[in-house]
Amino acid sequence: MNHWIILPILLPAMVAPLIALTVRHDIVLCRVFSVASTVLLLVLGGVLMGTTAVEPVQTYNLGNWLAPFGIVLVLDRLSALLLLLTAVLGLAVVLYAINGWDRAGRHFHPLFQLQLMGINGAFLTGDLFNLFVFFEVLLIASYGLMVHAGGPARMRAGVQYVAINLVGSSVFLVAVGLIYSVTGTLNMAHLAVEVGRVSAADRALLETGGLLLLLVFAVKAALVPLHFWLPGTYANAPAPVAALFAIMTKVGAYAIIRVFTLIFGAGAAASAGLAGPWLLPLALVTLVGGMAGVLASRRLGQMVGFAVIGSMGTLLVSVALFTPQAISAALYYLVHSTLAAGALFLIVDLVRERRPDLGDRLTTAPQFAQCGFISALFLLGSMAMTGLPPLSGFVGKLLVLDGARESAHAAWIWGGILGASLLAIIGFARAGTTLFWKSASVEGTLQPMGQPAPALPFVSVGTLLGGMVLLTVFAGPIMLYLDSVAQQLFTPQQYIDTVMTPNTVQPAGAH
Amino acid sequence: MEFLVASTIGVITAAGIYLVLRARTFPVVLGLTLLTYAINLFLFITGRLAVGQPPVLQDGVTAYTDPLPQALVLTAIVISFGMTAVIVVMALRAYIESENDHVDLIDGDNDRGDSRT
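Chains A and B are the protein sequences, given in the same order.
Mapping of the first sequence onto my numbering: position 314 corresponds to residue 1661, and the numbering continues sequentially without gaps.
Mapping of the second sequence onto my numbering: position 85 corresponds to residue 593, and the numbering continues sequentially without gaps.
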């Protein structure tokens, strides 16, 4: 039993009330605590990832209760990877936010820490009901963050976001109930064993439960036709929050990968491969629909929101194939698209705060401060997002295309991804031309509102763009690691054995 | 009894879904509340319907009801209660700030500039 596993949940859970209760009046102390906690999470993510190289699956029994009865946290290579990714994105977001956004409303830092706690918990838990609880934790924090700094448009988008997620939570509970009623367990490893033993008469209930789970995760992952909350939410959320939400859609993708390789994987007898036939066509529609939305957007923030939907489509197309090669490609694309979306949302805000009355509307206006530098950042971000060489988007799409080569639907997948990429390139090129290029021909300059702070936002955007450069340069070693992640997902026996073997801590007197 | 419980859940869910699909926030909040009631009942009966059976071990008793769904329902009730409070406050705030209680974003919401002050 590895006690370090609980720290990514415990640390933000302790820091959040500490900030809210003791130092809330001193913004500098708030920032110090919040940044320190996020840096520690980054270190922890690295350390935990290192330990999975030695011991691939590690467990932590909460309260020392044995596995199928108590709740268990499980660290495997997939969760370690996502913990690290969350910490990297979190650090960039918090560095951006301490530049002024955190003073625009109250309690940004406690909510931010609780959000990280919920996300880390969702990646670590090995129990289906506990996954629901952590989903709620991350959602409650996200409701607060979404309406941070207030304003009518943001409030209304917030209400819509909360309502949709409450319906999603209800469906999650129905799915959990259905699965529990036929298997008698909620521990994921135990479920993986029990699902294969469900009698033919109960199989319909089990599969309904499984598909309802897919529905819930699809809402989180913004799969068409359940995507409609995303553009409004992301375009109206404060910029650092929108950037942080880039990982929230990935939580949905993670849950799909976890549940449908572990519980409904090859060991599920007649229920094996439950998700694939539903996921693939929907993901293709998501891909094309999202990128068409990029073309139709009238605001930059909205456009990036649609690009996120499109990238989720690409990611889920690859996931839907459920082969080790396709999953490792999907994971590479997941890391890349999280960084790309985070960077783009921050760049949108850089533009927005320099165009006082126009915001991020796609209209030609005079040049604004630091126009050239920001346009270069935008160029890099959009090259990554649309999948142009040389950044990681190109490598990611290449891997996804390569992973789909063996599929029976390869023609559809190749056509969809390549066609959607073209739409995205046209959309981003048009937006960049309107905002940056054409502004040179308009007389005068726009004065930014307030004082745009000098370096920190650029450091933050640079971190994310730099992450993508590293992802491209070290694509070889990273793919080796991701292949081992995918291999682990498709040989779940080790996961099941580690969780189900009693390995509690003995009381000191027992020896 | 199965028929009664099942149809009760069905009717409450249907009413909840109808209300969630309404255009204004108040019926939507009511619909979400009804929906969570139905879900709580549903979760409760996933341990099967049993009358007068204890959930914890007792001497001389052979038939037990499943205690786990009861614990799950307790968690679900607490969470849905908190969530209802959150959405009521947010709906109220959105209504006061925009003087409009429609759930869908009106045309132009997406074109409005940033509201950071």
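It is possible that part of the hints are untrue.
Stretches of chain B that chain A covers, calculated by requiring three or more beta carbons in the stretch to come under 8 Å of a beta carbon on chain A [to be verified]:
hint: 1; stretch: 528-541
hint: 2; stretch: 549-555
hint: 3; stretch: 558-566
Quick caveat, the hints were computed from the structure, so don't treat them as lab data.
Here a beta-carbon is modelled for each residue, glycine too, at the ideal position from N, C-alpha and C.
Status of the hints after comparison with the structure:
Proximity of the stretch 528-541 of chain B to chain A, defined as three or more residues with a beta carbon under 8 Å from a beta carbon of that chain, is established by the 4 residues found. With a cut-off of 8 Å between beta carbons, the stretch 549-555 of chain B has 4 residues touching chain A; three or more are needed, and the interface restraint holds. Three residues within the 8 Å Cβ limit are the bar, and the stretch 558-566 of chain B against chain A gives 0, so the coverage statement is violated.
Taken one by one, the earlier hints fail for this structure only at number 3.
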